[in-house]
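> Residues per chain are reported as follows:
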Amino acid sequence: MRLIFMEIVIQPKKKVRIDWKELWNYRELFYYFTWRDIKVRYKQTLIGAGWAIIQPFATMVVFTLFFNKVAGIKSGAVPYAIFSYTGLLFWNYFASAFGQVSNSLVGNQGVITKIYFPRIIIPASATLLGVVDFFFASVVFAGLTIYYHITPGLEGLLMIIPMLVLSIITALGTGIFFASLNVKYRDVRAIVPFIIQIGLFLTPVIYPVSLIPHKYQWLLSLNPMSSVINTMRSGLLHQGSINWAQLGISVLSACVFLWIGLTYFKRTERQFADII
Amino acid sequence: MSQPVIEVKKLSKMYHIGHERKGMKGTATFRDALLGVAKKPIELLTGHRLKKEEFWALKDINFNINQGDIVGIIGKNGSGKSTLLKILSRIVEPTKGEVIIRGKVASLLEVGTGFHPELTGRENILLNGAILGMKKREVRGKFDEIVAFSEVEKFLDTPVKFYSSGMYVRLAFAVAAHLEPEILIVDEVLAVGDAAFQKKSLSKMSSVAREGRTVLFVSHNISAVQNLCTRAILLRDGSIQAEGPTPVVVRKYAESIAAAAEQPLKERKDRQGNGKVIFTDCQSLSSPRRALKLKLSYLNTTGKNIDDIKISVAIKDQRGETMANLTNTVLDQRIELDKKEGGIYLNIEEVNLASGEYYLDFFLASDDQNSEIFDLVEGGARIEIDNRDFYDTEKQPPTSAIALFDFTYHQDKA
Chain X
1 MRLIFMEIVI
11 QPKKKVRIDW
21 KELWNYRELF
31 YYFTWRDIKV
41 RYKQTLIGAG
51 WAIIQPFATM
61 VVFTLFFNKV
71 AGIKSGAVPY
81 AIFSYTGLLF
91 WNYFASAFGQ
101 VSNSLVGNQG
111 VITKIYFPRI
121 IIPASATLLG
131 VVDFFFASVV
141 FAGLTIYYHI
151 TPGLEGLLMI
161 IPMLVLSIIT
171 ALGTGIFFAS
181 LNVKYRDVRA
191 IVPFIIQIGL
201 FLTPVIYPVS
211 LIPHKYQWLL
221 SLNPMSSVIN
231 TMRSGLLHQG
241 SINWAQLGIS
251 VLSACVFLWI
261 GLTYFKRTER
271 QFADII
Chain R
1 MSQPVIEVKK
11 LSKMYHIGHE
21 RKGMKGTATF
31 RDALLGVAKK
41 PIELLTGHRL
51 KKEEFWALKD
61 INFNINQGDI
71 VGIIGKNGSG
81 KSTLLKILSR
91 IVEPTKGEVI
101 IRGKVASLLE
111 VGTGFHPELT
121 GRENILLNGA
131 ILGMKKREVR
141 GKFDEIVAFS
151 EVEKFLDTPV
161 KFYSSGMYVR
171 LAFAVAAHLE
181 PEILIVDEVL
191 AVGDAAFQKK
201 SLSKMSSVAR
211 EGRTVLFVSH
221 NISAVQNLCT
231 RAILLRDGSI
241 QAEGPTPVVV
251 RKYAESIAAA
261 AEQPLKERKD
271 RQGNGKVIFT
281 DCQSLSSPRR
291 ALKLKLSYLN
301 TTGKNIDDIK
311 ISVAIKDQRG
321 ETMANLTNTV
331 LDQRIELDKK
341 EGGIYLNIEE
351 VNLASGEYYL
361 DFFLASDDQN
371 SEIFDLVEGG
381 ARIEIDNRDF
391 YDTEKQPPTS
401 AIALFDFTYH
411 QDKA
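Protein sequences, first through last, are from chains X and R. The numbering of the first sequence is our numbering, which starts it at 1 and goes up by one. The numbering of the second sequence is our numbering, which starts it at 1 and goes up by one.
DSS-like, lysine-lysine: derived pairs with alpha carbons at most 27 Å apart: (1) X:Lys266 with R:Lys9; (2) X:Lys266 with R:Lys10; (3) R:Lys104 with R:Lys9; (4) R:Lys339 with R:Lys269; (5) X:Lys39 with R:Lys135; (6) R:Lys136 with R:Lys204; (7) R:Lys161 with X:Lys43; (8) X:Lys266 with R:Lys96; (9) R:Lys135 with X:Lys43; (10) R:Lys59 with R:Lys269; (11) X:Lys266 with R:Lys104; (12) R:Lys340 with R:Lys293; (13) R:Lys96 with X:Lys184; (14) R:Lys269 with R:Lys96; (15) X:Lys39 with R:Lys161; (16) R:Lys339 with R:Lys293; (17) R:Lys136 with X:Lys39; (18) R:Lys154 with X:Lys43; (19) X:Lys39 with R:Lys142; (20) R:Lys200 with R:Lys161; (21) R:Lys154 with R:Lys136; (22) R:Lys135 with X:Lys21; (23) X:Lys39 with R:Lys154; (24) X:Lys43 with R:Lys136; (25) X:Lys184 with R:Lys59; (26) R:Lys10 with R:Lys269.
Estimated spans, in silico, between C-beta atoms of each pair: (27) R:Lys136 with X:Asp19: 19 to 25 Å; (28) X:Ala190 with R:Glu262: 51 to 57 Å; (29) X:Val256 with R:Asn370: 43 to 49 Å.
Okay, the calculated bits of chain X under chain R, using three or more residues with CB under 8 Å as the criterion: (30) 36-42; (31) 111-122; (32) 269-275.
Derived from the structure by calculation, the hints contain no laboratory data. For every residue, glycine included, the Cβ atom is placed at its ideal position computed from N, Cα and C.
In isolation and in its complexed conformation, chain X is listed as follows (with noise of 0.2 Å):
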């Protein structure tokens, strides 16, 4: 007689937890949802990746001609070109990734009403397109810094990595939450560009942290994207030394949103394939 090695229970109202067994078993799927977006992503354009390179560094000198040379908004000691791509390259992989995450669990509405596998993997994978992109944008940064002949701090070098995960943890955490938003409510759609839009003036991207008051400075750390882009700009553009506090503070946030995006992703995720 054949071994029985699963048995599965099928009940109402499970318990709202992750199953990390499971999602292991899954793991494969995770890394073809990633390798499906991607490949979809470049297929039937001319120049491919080029467009990951391209836009961030149009957007930069757009930047520069309006909020520096116009606006005459100051960057300190280094070049406000090299100064905003800082920014806009985890602004960037920020604002596409939350999109990507707050749409994909209705882009695959297809799926998720037709097969089993945890549905976190969805979102989960959706962070990673991004990553791709971040990568390829990181070598015009490499690029700018020879050009305007910096030589980034080792600390900031050490700090990428570390503040990648930060930026896909929050991507991740308020993504979900929208995104099992979107599942009942579609007005969500339009909502998300939106919020990435204010996000914008929300994170120092396009003006320093010094530009605000002193004492109101710990607020802007409420959003942890704002801790990664000063950090990056004090670790690799030797702007100050990196506060420690602030991105503590960040990092804490960072984890609410994520505690806050998942029970709520948690608690409505076995009605999905009811409403989606």
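Based on the hints, put chain R in the right spot on chain X.
Quick look at chain R alone, frame taken from chain X:
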């Protein structure tokens, strides 16, 4: 004695149906949510809750399936088959009760789930395999077999959006057919593709079954169930109406269809569609030999004339096999509905079918982008076709064949 591989205990599933959702399978908006919040205090104050309509898609279902069983689940549209399947596949959660499944399950509610049009055939095999729960090693190991089964070798590196629908289905089914689960749950996926391919997939299914795996097979197609399944479960309005050996259950099913067809069309409850326009009556008018004339009456509750509609009458035999599907749109015939009620006549010059009992399905929808389904009644009427004297020779045509043709024989004169 081993335990059953699937145990279903007191399973129920309830859906809320809001009125605005009926038409557009709607997604709620914030506005509705805000309105809901506003209603709460009113409910609290008045002490009675504004009721949402509840719909029980499944009511207290119990059954067991043992290892190696091949069980067919039959029932009309809307009887709860799909809901049951979705619960067993863990796509939706039950409202009450539980299911215990012992073994590795694969469910196929659709072929080609997760296929991406931009990806090539090769890429989609890998992706689809992973979505269906195959390990990378497994997919790679069976890759050549899958490709051979699908017969699309030449187009393996072409994006599937350029595939014909036949190729698409073949590739999708090929991946699914190479899953090796202990329990296989299959929806009407076999009803796709051409006849040859259907045959191929049916024989694949029975070979799966011969290997001692458990198969749960949902279908409209009674003859497929009869060929494949040893046991069957008949669902009706969310409850089990009969369970047991396939022939017994199939007979019950035929009886229930016959009983339903006796009911006046107007009073039928088991209809689908949004109900804005419904069929109220079907009358067979006196007609010459070989021909059939029907008058279908409708009631339009929208209060407006409806310009373009799609109407179809399907003729099915007693096993549920569709003999003909007569749709006005293939004739480019426009039909308009009056704002109140009216009649539509169907005129069949020659009913080329063997004598016997047949059932008619009635379907009415709008013929625009929305293709709103107004009404669908399965087995809405029963007709008796008497073609014993089809050839005007007082000789009865062979009853074993279904179709009757006009034909003559000639021979070379010696």
